[in-house]
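Novice: Each chain, written out:
Protein chains: 2
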Amino acid sequence: MKVCIIGSGNVATHLAKALWEAGHIITQVYSRTLSNAQLLADETDSTAIDRLDDINLFADVYIISVKDEVIFSIAEKLSLPGKMIVHTSGTVPVEVLGHSSEQYGVFYPLQTFSKNQSVSFVDIPVFLESNTEDAMNILKSLASISDQVYEADSEERKKVHLAAVLVNNFSNHLYHLADDFLRKNNIPFHILKPLIEETTRKVMDRTPAEAQTGPARRGDESTINAHLELLKNDPELYEIYKVLTKSIRNHS
Amino acid sequence: MKVCIIGSGNVATHLAKALWEAGHIITQVYSRTLSNAQLLADETDSTAIDRLDDINLFADVYIISVKDEVIFSIAEKLSLPGKMIVHTSGTVPVEVLGHSSEQYGVFYPLQTFSKNQSVSFVDIPVFLESNTEDAMNILKSLASISDQVYEADSEERKKVHLAAVLVNNFSNHLYHLADDFLRKNNIPFHILKPLIEETTRKVMDRTPAEAQTGPARRGDESTINAHLELLKNDPELYEIYKVLTKSIRNHS
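From first to last, the protein sequence lines are chains Z and E.
According to the numbering used here, the first sequence is numbered sequentially starting from 1085.
According to the numbering used here, the second sequence is numbered sequentially starting from 1085.
It should be emphasised that the hints constitute simulated quantities derived from the structure, not laboratory data.
Some hints here could point you the wrong way.
Which copy? The list can't say, so a pair holds if one copy fits it or any two copies do.
[Unchecked claim] Lysine to any residue pairs mimicking SDA-like chemistry, simulated, CA-CA at most 20 Å apart:
#, residue 1, residue 2
1, 1243, 1314
2, 1330, 1320
3, 1161, 1183
4, 1268, 1164
5, 1326, 1136
6, 1101, 1222
All values derive from a computational prediction rather than experimental measurement.
Next up, chain Z with everything else stripped away, as it sits in the complex (with noise of 0.2 Å):
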């Protein structure tokens, strides 16, 4: 299929990749900074673009792949019919391109990319909306680069994205929050890394709930006792610390 990539971040710049390289042609890639565009086109044999007039009817689907912020912003100023239009989002609504064609669609895939971090993207669960079958037709072809591929709506889609919000964005700050901590205590952070792995190691082939262990889990008072005393002047860390200790206990 030929495709235009709208946008240049990380989602946009993995997916056009990972098109491209399963064999569909990138017709053009958009940026509003032209050297991002061109980044991502010379890695995908493609034209990069800084006006959205510029967008061409060559393609048969236009991806948006931008801050959820921008998507609709882009999309008022598309007319594109006949063509399908897709954005990426897991939050934003699949109705707000209905103003560019009479096809649309999400594709949103469940991961979080860095810049110069490569990832397979055969193992992303990818979800997929749109508004006619055809458009779906036109959204599983494209999502033949993922194993997991699942139909969802745009309600089911925000709390797919709730739930990565608390296990990517939450644990990645206790990751923040510990490194803070232990740097304010002359404690260097890459000894948490083997238990950081183990964590996720434990839930790959068990529940969350069954991998759980530590002193909120135990009932161990003391123990939690003695941390809160020792976050007494970090008044963040410890709300933080209470909260989810409460419910931690509420769970076990």
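Given the coordinates of chain Z, work out where chain E should sit on it, guided by the hints.
Specialist: Showing chain E alone in chain Z's frame:
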């Protein structure tokens, strides 16, 4: 060295096996439940006992690896003059062992251990504390099963343990909450596994601050409000979402 293992839980089991594999002799394995002691004794060419009175004097080192709450009550029943006595807790001060012998210390491996899940001890950071230099030399000799050995006093060890609770118990609890939330919405938890793995992989070679993404980091109010709206009937998760989102924004 000759080592007596007091306890047969996850830490006791993994530690005893690693010491035995490194060539140390396990003289006896004690557990209140003889069958548990026997399981570990069988794996380490040792003898199982279920009475503290049956602990003999043939070992050089006696390692108490039991629940924090029980360490002191076991230690005060042991009188082992001339022997080295050790516990493996992150939180309990070293001094609780002072009753049992004039030589004592702590061997704290920073990892989450599970039954039936082997771990490579060589990668596990170990934190040592002792009351004499001779005792430290004995601990260091045992700790050669690890490539990451640190000396840390009881106060530092407690801080390391607190950081471990943040990245292990608390992250795992977020997985648990995500599992519950998805389950209520008939979405399987396994869709999150690639994301959980990638979240961990990212902090292996960059700081958690650099790795952070998501609506709180971007200050994306509309997504945050949409998520809170989804959680309005779940006061516990609502509070956790708010507290962690606020903290991410404070650190961005």
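Novice: Each hint needs a verdict: does it hold in this structure or not?
Specialist: Outcome of the hint check:
no.: 1; hint: 1243 x 1314; in the structure: between (36 Å within a copy, 8 Å between copies)
no.: 2; hint: 1330 x 1320; in the structure: both (16 Å within a copy, 9 Å between copies)
no.: 3; hint: 1161 x 1183; in the structure: within (9 Å within a copy, 79 Å between copies)
no.: 4; hint: 1268 x 1164; in the structure: neither (55 Å within a copy, 39 Å between copies)
no.: 5; hint: 1326 x 1136; in the structure: neither (50 Å within a copy, 37 Å between copies)
no.: 6; hint: 1101 x 1222; in the structure: within (18 Å within a copy, 55 Å between copies)
Going through the hint list in order, the structure does not satisfy hints 4, 5.
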